[in-house]
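Engineer: Construct all of the structure, not just a fragment, from the sequences and the given hints.
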Amino acid sequence: MDKKATIGIIAAICIILLGAWAYMMAQPAVERAAQTPAVDSNKTTAETSAPAEESSQPTAETSSAATITYTDNGFTPNTLTVKKNSVITVTNKSSKNVMFSSADHPTHQEQPELNMNTLNPGESGTITITKAGIWGYHDHIDETMTGTITVTE
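Plus 12 on top of the position in the sequence shown (first one is 1) and you've got the numbering used here.
It is worth saying that the hints were derived from the structure and are not from the lab.
Bear in mind the structure is a predicted one, so any value in this text is a computation, not a measurement.
Some clues are possibly wrong.
[Said to hold, decoys possible] The list that follows gives simulated cross-link-like pairs (lysine to any residue, SDA-like), each with its CA atoms no further than 25 Å apart: (1) K95 / T140; (2) K108 / T164; (3) K105 / M157.
[Unchecked claim] FRET-style restraints, in silico, Cβ to Cβ: (4) K15 / T91: 39 to 49 Å; (5) T91 / E165: 13 to 23 Å; (6) G134 / D14: 57 to 67 Å; (7) T83 / K16: 45 to 55 Å; (8) T164 / K16: 15 to 25 Å; (9) K95 / K15: 56 to 66 Å; (10) K16 / N85: 19 to 29 Å.
Ideal Cβ placement from N, Cα and C applies to all residues, glycine included.
Structural biologist: Below is the structure:
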C-alpha cells in the first residue's frame, strides 16, 4: 500500500472517531440541563445495610428505594426506573472491586453526584437522585459494565 493511501485511511479513521466522540459528548449535555442528583458515597457492608427492594424487572418503578447489584457479569438490573428522591443502594456481589461512576468515562464530571467510592466485594453504598431525568453509569474499573437509571416525577 502506498503512503498516500495509508495517510487517507488514517485520516478517515480519525474523522470517524472524532464524530463519534462529538456525538457522545453532545448527549449528556441535554440530560444534565434538567438533572442534579445528590450522592451519599459512604459505604457500608452488605451485612449491616438493609438492602432496598430489588427489582426483578429491569424497568420496574419503585416509590422510594431500589437496589442495583454488581456481579461478575455486570449490573442487575442494568436499566432501572425509580421516582425522584429515591435512595438507590449499590451492592457489590462480585469477586472484584467496583467503582460506581457517572457515564462520562474517564472524567465522571458530567454527573459527579453519581460517583461513589470503591466498593469491595460484599460492600454497599447509596445514592439519592433528586431530579427527574436519564442517568448513565458504569464501573470505572471496567468501563464496559454499564447501565441507565431513569428518574420520574
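Engineer: For each hint, tell me whether it holds in the structure or not.
Structural biologist: Hints, verified against the model:
Distance hint between K95 and T140 is fulfilled; the C-alpha atoms sit about 10 Å from each other, no more than 25 Å. Proximity of K108 to T164 is assessed by CA-CA distance (about 32 Å); at most 25 Å being required, the pair is judged violated. With a C-alpha separation of about 14 Å, the suggested pair K105 and M157 falls inside the 25 Å cut-off, and the hint holds. Distance hint for K15 and T91: a CB-CB separation of about 48 Å, consistent with the stated range 39 to 49 Å.
T91 and E165 have their C-beta atoms about 19 Å apart, which keeps the hinted 13 to 23 Å range intact. Taken as a hint, the range 57 to 67 Å holds for the pair G134 and D14, whose Cβ atoms sit roughly 58 Å apart. At roughly 50 Å, the beta carbons of T83 and K16 sit within the given window of 45 to 55 Å. At roughly 55 Å, the beta carbons of T164 and K16 sit outside the given window of 15 to 25 Å.
Here the CB-CB span from K95 to K15 is close to 60 Å, well matched to the stated 56 to 66 Å. For K16 and N85, the hinted distance range of 19 to 29 Å is not satisfied, since their beta carbons lie about 46 Å from each other.
Hints 2, 8 and 10 from the earlier list are contradicted by this structure; the remaining hints agree with it.
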